[in-house]
Amino acid sequence: MTEPVATLSAVEVEYPGRGKALGPFDMTLAAGEIVALVGPSGCGKSTALRLLAGLEPPTRGAVRRAAGRGETAVVFQAPTLAPWLSAAANVSLPLELSGVARPQARARAAEALARVGLAAAVKARPAQLSGGMAMRASLARALVTGPKLLLLDEPFAALDEITRRALADDLLAIWNEARPAIVFVTHNVEEAVYMAGRVIVMTPGPGRSAGETVIDAPAPRPPGFRATADFRHAAEAISERLAAATRDAAMGAAA
Amino acid sequence: MSRLAALAPVALIAAILAVWQFACAGLHIPEYLLPAPAAIALALVRNAPVLALSAWRTLAMALEALVAAILFASLLALMVSLSRTLDRAVRPLAVALQVTPVVAIAPLFVIWAGVDHPDRAIVALAAIVAFFPIFSGTVRGLTSADPDLERLFDLYGARPLQRLARLRLPSALPFIVEGCKVASGLAIIGAVVAEFVAGSGGAEGLAWRILEAGNRLRTADMFAAILALALMAAVVHLLFQALEKRALTWWRGR
Numbered sequence: 001m002t003e004p005v006a007t008l009s010a011v012e013v014e015y016p017g018r019g020k021a022l023g024p025f026d027m028t029l030a031a032g033e034i035v036a037l038v039g040p041s042g043c044g045k046s047t048a049l050r051l052l053a054g055l056e057p058p059t060r061g062a063v064r065r066a067a068g069r070g071e072t073a074v075v076f077q078a079p080t081l082a083p084w085l086s087a088a089a090n091v092s093l094p095l096e097l098s099g100v101a102r103p104q105a106r107a108r109a110a111e112a113l114a115r116v117g118l119a120a121a122v123k124a125r126p127a128q129l130s131g132g133m134a135m136r137a138s139l140a141r142a143l144v145t146g147p148k149l150l151l152l153d154e155p156f157a158a159l160d161e162i163t164r165r166a167l168a169d170d171l172l173a174i175w176n177e178a179r180p181a182i183v184f185v186t187h188n189v190e191e192a193v194y195m196a197g198r199v200i201v202m203t204p205g206p207g208r209s210a211g212e213t214v215i216d217a218p219a220p221r222p223p224g225f226r227a228t229a230d231f232r233h234a235a236e237a238i239s240e241r242l243a244a245a246t247r248d249a250a251m252g253a254a255a
Numbered sequence: 001m002s003r004l005a006a007l008a009p010v011a012l013i014a015a016i017l018a019v020w021q022f023a024c025a026g027l028h029i030p031e032y033l034l035p036a037p038a039a040i041a042l043a044l045v046r047n048a049p050v051l052a053l054s055a056w057r058t059l060a061m062a063l064e065a066l067v068a069a070i071l072f073a074s075l076l077a078l079m080v081s082l083s084r085t086l087d088r089a090v091r092p093l094a095v096a097l098q099v100t101p102v103v104a105i106a107p108l109f110v111i112w113a114g115v116d117h118p119d120r121a122i123v124a125l126a127a128i129v130a131f132f133p134i135f136s137g138t139v140r141g142l143t144s145a146d147p148d149l150e151r152l153f154d155l156y157g158a159r160p161l162q163r164l165a166r167l168r169l170p171s172a173l174p175f176i177v178e179g180c181k182v183a184s185g186l187a188i189i190g191a192v193v194a195e196f197v198a199g200s201g202g203a204e205g206l207a208w209r210i211l212e213a214g215n216r217l218r219t220a221d222m223f224a225a226i227l228a229l230a231l232m233a234a235v236v237h238l239l240f241q242a243l244e245k246r247a248l249t250w251w252r253g254r
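As you go down the protein sequences, you meet chains L and U in turn. Just so you know, the first sequence maps onto residues 1 to 255 in this note's numbering. Just so you know, the second sequence maps onto residues 1 to 254 in this note's numbering.
Among the hints, a few may not be true.
[Stated by the list, open to error] Pairs of lysine to any residue residues, derived as SDA-like cross-links and limited to a Cα-Cα distance of at most 20 Å, are as follows:
#	chain 1	residue 1	chain 2	residue 2
1	L	Lys-123	U	Trp-250
2	L	Lys-123	U	Ala-247
3	L	Lys-123	U	Pro-170
4	U	Lys-245	L	Trp-84
5	L	Lys-123	U	Leu-243
6	L	Lys-123	U	Arg-254
7	U	Lys-245	L	Arg-102
FYI, nobody ran anything at the bench for these hints, they're computed from the structure. In this text the structure is predicted, and so the values were computed from the model without any measurement.
With the hints as extra help, turn the sequences into a complete structure.
Below you can see the structure in the form of structure tokens.
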């Protein structure tokens, strides 16, 4: 067994004035695996992601993660590109911040953009990109440092169905090249089943694990995977677990 | 419809001028009370050289003030954005300065500048009036970068200077430009008000032309000077608006 890429041990997060947002929550992430966190809005799944990114500390519990510069990358729900920079400058930003010389950084940025299918948009500004293209640029920026851990916070939520399916396949293809560990937050069960090797269902906030499902299928997914019985059963089981967790929480709140 | 809409302001002005002209002639209104538009036009042509010179003097003082305000306000905003304590310390003073009418403090500055240099008082007062929109715009801009981009800079371990140069300053640009546009109009207002208070002919700006004509009851000359002032302010406004548009297009890339 190789060293896990990141672990959350009994982490809890409390925000002053808002109470507990997450936990206690445990999670171990093996190298190269894709894990989806599924749960209702406000269940703390984005909080869990920020813990893994090291963007905030837990109130209690411990976080262990790849802490080197550029070892962890995040893709947010919105593309979060700087509007005043070209796509290439946006993508090379993580490299330039860590001191890579600009020409070299730009060259690697152009490579990363090519990998997500944006070779022609190197000079374009974010305002000139479509929603899907902007998200791809955001993904390229996350990939440019060659991260060991890639964190995605509902990255496809704002995209239309066709674009999000295309991006899901592209993401799996990209993952297959370098095999970073991926944690993927979504409220879309089918997307979780399609992307992840392991789907963790979370309860409404404060989020805890309501159980996990291993998706036993080859990755990247074979064509027509969404029509297979395995896919449908897994999606159905996870949906039921999600509904049960939400129901229990509602009854707990009522009692 | 759109052509009609485009013509509407011209038509309104023409109608007002026509009524005005005929009313003055028909009701025998004395010229010192309300001169007819034709008389004002004549005064404008007759005084054109001296009005142009005075307009340039007022404009030059306003622009000097604007440059001083931009330098001082953005520097202070930068310092304030870096230190919470400094922000706390400066805020009440800045607000107090902003809510105090410039006319009220103008006599003080006139005394300080001395009888021989009313222009210094005028520039200082116009700069004070222009200061606030640039200061508050820059402070707001420097603290309103996309929070997720801020997180990204955290994630990649950006140093404070990198964060300032590569995130906060570029994010602030639209706010700074907007502040400068508002300040340009205020600088002209500030300069004219200060000229009025300074009173003497030392600066010989447009306000002085208005005062001078008023003292002699040459109302048509007064109107002409006011018109020149309005024209100058409008040109400056349009110029800064175009500048803002250009800057935003460049910033956004379209």
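Right, here's what the structure says about each hint:
no. : hint                  : result
1   : L/Lys-123 - U/Trp-250 : holds, 14 Å
2   : L/Lys-123 - U/Ala-247 : holds, 19 Å
3   : L/Lys-123 - U/Pro-170 : holds, 18 Å
4   : U/Lys-245 - L/Trp-84  : holds, 15 Å
5   : L/Lys-123 - U/Leu-243 : violated, 24 Å
6   : L/Lys-123 - U/Arg-254 : holds, 13 Å
7   : U/Lys-245 - L/Arg-102 : violated, 30 Å
Of the numbered hints stated above, those contradicted by the structure are hints 5 and 7, listed in ascending order.
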